[in-house]
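**Student:** Sequence:
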Amino acid sequence: MKLKLCFLALFSFCISVTAQEYFPKNDGVKTKNSNYTAFKNAKIYVSPTKIIDNGTLLIQNGKVVGVGSSVSIPENSVTVDLEGRYIYPSFIDMYSDFGIEEPKKAQSSNTPQYDASREGYYWNDHIMPENRAIDKFSYDNKEAKELVEAGFGVVNTHISDGIVRGTSAIIALNENSTNSERILTQEASQFLSFEKSKSSRQSYPTSLMGAIALLRQMYYDAQWYESGNADGKDLSLEALNKNKSLPQIFVAGDKFNNLRADELADEFNLNYIIKGGGNEFERIEEIAQTNTSYIIPLDFPTAYDVTDPYIANKIALEEMLLWNQAPTNPKVLAENNITFAFTASDNKKKTEFKSNLIKAVSYGLDKTKALEALTTTPATLLNKSDEIGSLEKGHYANFLITSGDIFEKETTLYENWVQGNKHVVNDMNTIDIRGKYTLTLNGESYDLTINGEPKKVKSTLKKGDSKIGSDIDYSNGWLNLFYNPEGEANKNEYIRLSSKITAEGNLKGSATLTNGKTTSWTATKNTSEEKDEDDKKDDNEQPKLFPVSYPNKAYGVKTLPEQETILFKNATVWTSEDAGVLENTDVLIKNGKITKIGKDLSSGGATVIDATGKHLTAGIIDEHSHIAAASINEAGHNSSAEVTIEDVVNPDDSDIYRNLSGGVTTIQILHGSANPIGGRSAIIKLKWGEDADGLLLNNRPKFIKFALGENVKQSNWGASNTIRFPQTRMGVEQVFTDYFQRAKEYDEQWKAFNGLSSSKKSKAKAPRYDVEMETLAEILNKERFISCHSYVQSEINMLMKVADKFDFNINTFTHILEGYKVADKMKEHGVGGSTFSDWWAYKYEVNDAIPYNAAIMHNQGITVAINSDDGEMSRRLNQEAAKTVKYGGMSEEEAWKFVTINPAKLLHLDDRIGSIKEGKDADLVLWSEHPMSVYAIAEKTIIEGAVYYDYEKMQETEKEVQQTKNELINMMISEKNKGVKTQAPKIKEDEEFHCDTLIYQL
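Count the sequence shown with mature numbering (1 follows the signal peptide of the UniProt record, and there is no 0) and you get residues -19 to -1, 1 to 983, in order.
Misleading hints may appear alongside valid ones.
Stated by the list, open to error - With a straight-line Cα cutoff of 20 angstroms, these simulated SDA-like cross-link-like pairs (lysine to any residue) come out:
| no. | residue 1 | residue 2 |
| --- | --- | --- |
| 1 | K732 | L761 |
| 2 | K85 | K179 |
| 3 | K86 | I980 |
| 4 | K969 | E300 |
| 5 | K550 | I578 |
| 6 | K864 | E853 |
| 7 | K21 | Y67 |
| 8 | K959 | W304 |
| 9 | K962 | D286 |
| 10 | K534 | L303 |
| 11 | K225 | S208 |
| 12 | K577 | E925 |
| 13 | K934 | E300 |
| 14 | K550 | K898 |
| 15 | K390 | Y418 |
| 16 | K969 | Y291 |
| 17 | K967 | I296 |
| 18 | K506 | A492 |
| 19 | K348 | S384 |
| 20 | K940 | N951 |
| 21 | K668 | L761 |
| 22 | K946 | T963 |
In case anyone wonders, no lab produced these hints; they're calculated from the structure. Since the structure is predicted, the reported quantities are computational estimates derived from the model, not experimental observations.
Please model the entire structure based on the sequences and the hints provided.
**Tutor:** Below, the structure written as C-alpha cells:
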C-alpha cells in the first residue's frame, strides 16, 4: 500500500548529519584546488587485471599521481580511509548522444524530395561527414547525473542522425567544470549507420539495400575525389577523407546488419567498430569471423505476460527464446575472443544498466571481461588509453568508490569521481539497513524485507503468507515505517514505527499504535545462515537455457545437415531430361552430386531408401521470388541498378523452410517493380540454417530486374507521387533509352582510359566509377541478364526493340501475362517467359490474362517457367505446374519441366541443376506420390546431397516446438509470480514481400 507523504512528515526528525567533505565548498568564486587527496586501505582495480589489495590512490589536479601498496602520501594531504571498500576506474560509454539535441524531423510535404537540398556537399542529404558533435554540444546536467549514478565518467557523444553522421566528441561527466575542461577530444571518431536522416526528406534511399549501395558509391567517390579527379569541390567528401584516420563506428543494431556492415568494410579495406543489437549470440561463428570490435547494449528483453493462453500461443517462439538467451550474449562474445565494449544507450532507464550488467555476470560473463568492456576496451578503441580507462599514474582521476565487488547485487556505489571531482551517489556514511528481519511488536511477529538502493529503500511486510501494505522512509539517520494492521476496519489508521540507526544490524525504537498508545518494537536481522529455503533456492538456481538453433526460431536446426551418400531404390524418376520418366529406377548420390542412375544399383555403403511407389524429381526452381530478403524495392530513383538483393539476403525467413516443404530448392530473389530499372538479383539455394553467404549459389550468373507497366509509372502511388519521371508508358521507354545511352558512353570512357599507356594514364583524370553505370554496362557487354516484370504486349514489344537498338537480348519476361499475343516475336528475339499459371484480374493491366498463356508460349518454342512471385504460392509450384495440363493440354512431363529444367535454363544453371542427370547437383525431392497431385507430400528435400527437409522429422520437431514454448511460458509466468516486471505480449507477423512492397526495414 502506498502511503501519503503527510504521514511521513508526521514522523520526520530533523537530524543534522554532517557528510564528510573532502574539499571545502567555494562561495561562488571558482578557485583551483591543487591539494593532494589520498584514498588509502582500499582494494584498487588499477585496471581489470591489475589489482592492489589494501592500496592507496593519490590524486592531484584531477589526475592520478600515485597508486600502489606503498605510496608516499605528501604532508597536508586530505586523507580518506576506505578500509573494506573498493576503487574501480569509472566506466566509459563510447556510443552516446549525450548533450546533443535530438534532430528535428524535416517538415512534411505533399510531394517526395528526390534531389539534395544543399549545394557544395554530397549529392545525398543523408551523407553528412562534415557534421561535428562538438558544434551542437550542450552539457545536460540531468542526463549527466543519471550516467554518473550508473558508474560512467566519460562518454563519446555524436549526432544520432543520418547514414554518415560526422564526428563525435569525448566528454567527461564533470558537473564541476567548464566545457573546456570536460571536452577531452573534439573530433574523436566518425559515426555511420544504415538509417536515413530524420532532418532530410530526400527519398533515396528507401531501403536497407539502398543505404548499403549509397555507402558503397560514396566510398568510390571519396577515393576518386581524393585522387584529384573531380572538377568541383565537395565539402562532404573532403570531410569524409579527413575523418578516415579516426575510429569508424558503425551503428548496425542487429546480427545480420553487423555482418552487412563488416562486408562493406572489407570491400574498402576499412575496420569498423560495430554497434550491435544484443543478438550476436544467434550467429556467433559468423560474428567471430568478422574479426572486428563491437559495442554491445545491455538491454535484455523482459518476460511477456503470458497468463492469457490465447495470447501466449500467438507469441513467436523466437521472441521467447530471445528473452531466455539474450543475457548470455556478453558471455558468448567473450568465449569467442571477440573484443567488445558495453553501452547504456539502449537502456531507457540508466538504473537498468547496473541490473543487466549483474545479470550478464550471473549468466556466465567473466568479471574481468565485464570490467574490460566498461573501461580499458572503450579507452583503447577510442585511442585514449593513455588518459582514461585505468588508474595508472598520469591518467584522469576518474574512479568509483564502492562497498564491495561492483558486480554483486548487494554492492553500493558510493561516489563517482570524474577529473578529480567528487559526485556523491550514495552517502558513504549512510548505514546499509537492507536485508531480512523478524519484526516483533506487542508479541506479534512479522517478516520484514528492506531492499532497493541504500538511499531509497523499499519495504515488504508479511505476517505468515499474507502481505501487509507498508511504506518506509530512511533519511538523516532515521528509519520510519508505516503499515495498516491486518484486519483493521479503518484503512486510514496506521501503526507507525521509528528507529534511529546507529550501526548495521538489528533495529529498535518506538511504535505508535492506531489508538495513539506508544510502545517499543524490535527487528532482528537474519544472518546469511538463517535464510529460508526459498531464498537459498533463488540464490543457487540457474535459469534453464535453451540451446541456440539456426535460425533461432521454430524448426531451426542445432547442427547443419551434412552431405550423405544415399541410394534411392525402385523410384519413379522424373528426369526432366530426354530420358523422361523412369519406372522402378535407382539413383545414387555421393559427394553432393548425382553419380549413377539405373536399375539394381549396389549400395556401396550408402544409406538405402526404399522409394517403391514413390516419385523422385529434381528440386523445384522458382525463377521469381521475394522471400528471404530484408528489403525488396529501392524506389528512391527511377533506376536502382546500383543496389543488389545479395546485400540483404535474410536466412532467418521461415518461408525458406516452408518452401523446402514444397520441394523448392533454388530461387531467384528479384528486386521489386517500383522503377523501370530495378536492382540486381540474388540466386540462392534454400539451405535452411546457413548464413546469408551460405545460401548464395556459388559461381552464380548475374541478373537484374527491370519492370514495365503500372508500378514503375507510379499509377497507384497516390496523388502526391506525380513528379518522378516517368509518369507514362512512353516515358518508361525513354528511361531505358537514356540510361543505356549513358551506360554506353560510360563504358567507352573507361575502355579508352584503360587503353592508355601507363605514363599517359598517370597524367589523365580517371572517369568516376559509377556502380549503376557499371551494372548497365555489363548488360551491354552481355555479362548480366535481364528478368523483366511485364504484362501488356505493347510494352513487351517496346523493350525488345530497345534491346535490339543497343545490341543485347532480354533474358526473361516475368509475369508476361500477354505473352500469348507476342509469342512469335519473343521467339524471334530469343527471350524466355516466366509466368503465372492462372492469375487474372488482380489489377487492370492483367485483364487480358488467360490460363493458356504458358502452353501457347511453349508451343511457339519459348522456354517457359511457372513462377510464384508469392511467399505462399511458392511452396505449391508443383500444383501450379499441374494446371498447365488442364489449361493447354501440356503433357505431365513437359508441365513438370516448367518448374525444374526450364527455370534452370532461364537462370543459365541448367548444366548444374533442374534435372536428374549424372554429374549434376544432388538437388532432389522424394514425393509420396505423383509430384503434381494435391495429395503429394515432399517426404525429403535434398540440396547437394544434404537432407534439408524431412517430413517425419518435421513432425517430431513440431512437438518439440510446442514443448519448448510451454516450458518458456511457464518460466515467464514464474517470473511474474516473483514480482518481476513483464511486458505486454506482442504478436510478431513477418512482412510478406511482393513486387510492390515499399518498406525501410532494418
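**Student:** Does each hint hold? Answer for all of them.
**Tutor:** Here is how each hint holds up against the structure:
1. Straight-line distance between C-alpha atoms of K732 and L761 comes to about 13 angstroms, which keeps the hinted pair within the 20 angstroms bound.
2. For the hint linking K85 to K179, the alpha-carbon distance of about 7 angstroms falls within 20 angstroms, and the restraint holds.
3. Only pairs whose Cα atoms come within 20 angstroms are accepted, and K86 paired with I980 is accepted, the gap being roughly 19 angstroms.
4. Straight-line distance between C-alpha atoms of K969 and E300 comes to about 8 angstroms, which keeps the hinted pair within the 20 angstroms bound.
5. The suggested pairing of K550 with I578 holds, with an alpha-carbon distance near 10 angstroms, which does not exceed 20 angstroms.
6. This hinted pair checks out: K864 and E853 have alpha carbons roughly 17 angstroms apart, not beyond 20 angstroms.
7. Pair hint K21 plus Y67 holds up; C-alpha atoms about 10 angstroms apart against a cutoff of 20 angstroms.
8. With a C-alpha separation of about 17 angstroms, the suggested pair K959 and W304 falls inside the 20 angstroms cut-off, and the hint holds.
9. In summary, the hint linking K962 to D286 is supported, as the alpha carbons are separated by about 9 angstroms, within the 20 angstroms threshold.
10. Between K534 and L303, the direct Cα distance comes to roughly 9 angstroms. Compliance with the 20 angstroms bound is thereby established for this hinted pair.
11. Distance hint between K225 and S208 is fulfilled; the C-alpha atoms sit about 15 angstroms from each other, no more than 20 angstroms.
12. For the given pair, K577 sits about 15 angstroms from E925 by alpha-carbon distance, which is consistent with the 20 angstroms threshold.
13. Distance restraint check for K934 and E300: the Cα-Cα separation of roughly 23 angstroms exceeds the 20 angstroms cut-off, and the hinted pair is therefore not satisfied.
14. Note on K550 and K898: the hinted pairing holds, with a Cα-Cα distance of about 16 angstroms set against a maximum of 20 angstroms.
15. Taking the CA atoms of K390 and Y418, the gap is about 19 angstroms. The hint holds against a cut of 20 angstroms.
16. Proximity of K969 to Y291 is assessed by CA-CA distance (about 15 angstroms); at most 20 angstroms being required, the pair is judged to hold.
17. The straight-line distance between the Cα atoms of K967 and I296 is roughly 7 angstroms, inside the 20 angstroms bound, and the hint therefore holds.
18. Distance check on the hinted pair: K506 and A492 sit about 18 angstroms apart at the alpha-carbon level, within 20 angstroms; holds.
19. Our distance criterion of 20 angstroms between C-alpha atoms is met by K348 and S384, whose separation comes to about 17 angstroms.
20. Under the criterion of a C-alpha separation no larger than 20 angstroms, the hint pairing K940 with N951 is consistent with the structure, at around 17 angstroms.
21. Restraint check: the Cα-Cα separation between K668 and L761 comes to about 33 angstroms, which exceeds 20 angstroms; the hinted pair is violated.
22. For a cut-off of 20 angstroms, the pair hint linking K946 to T963 stands: about 17 angstroms separates their Cα positions.
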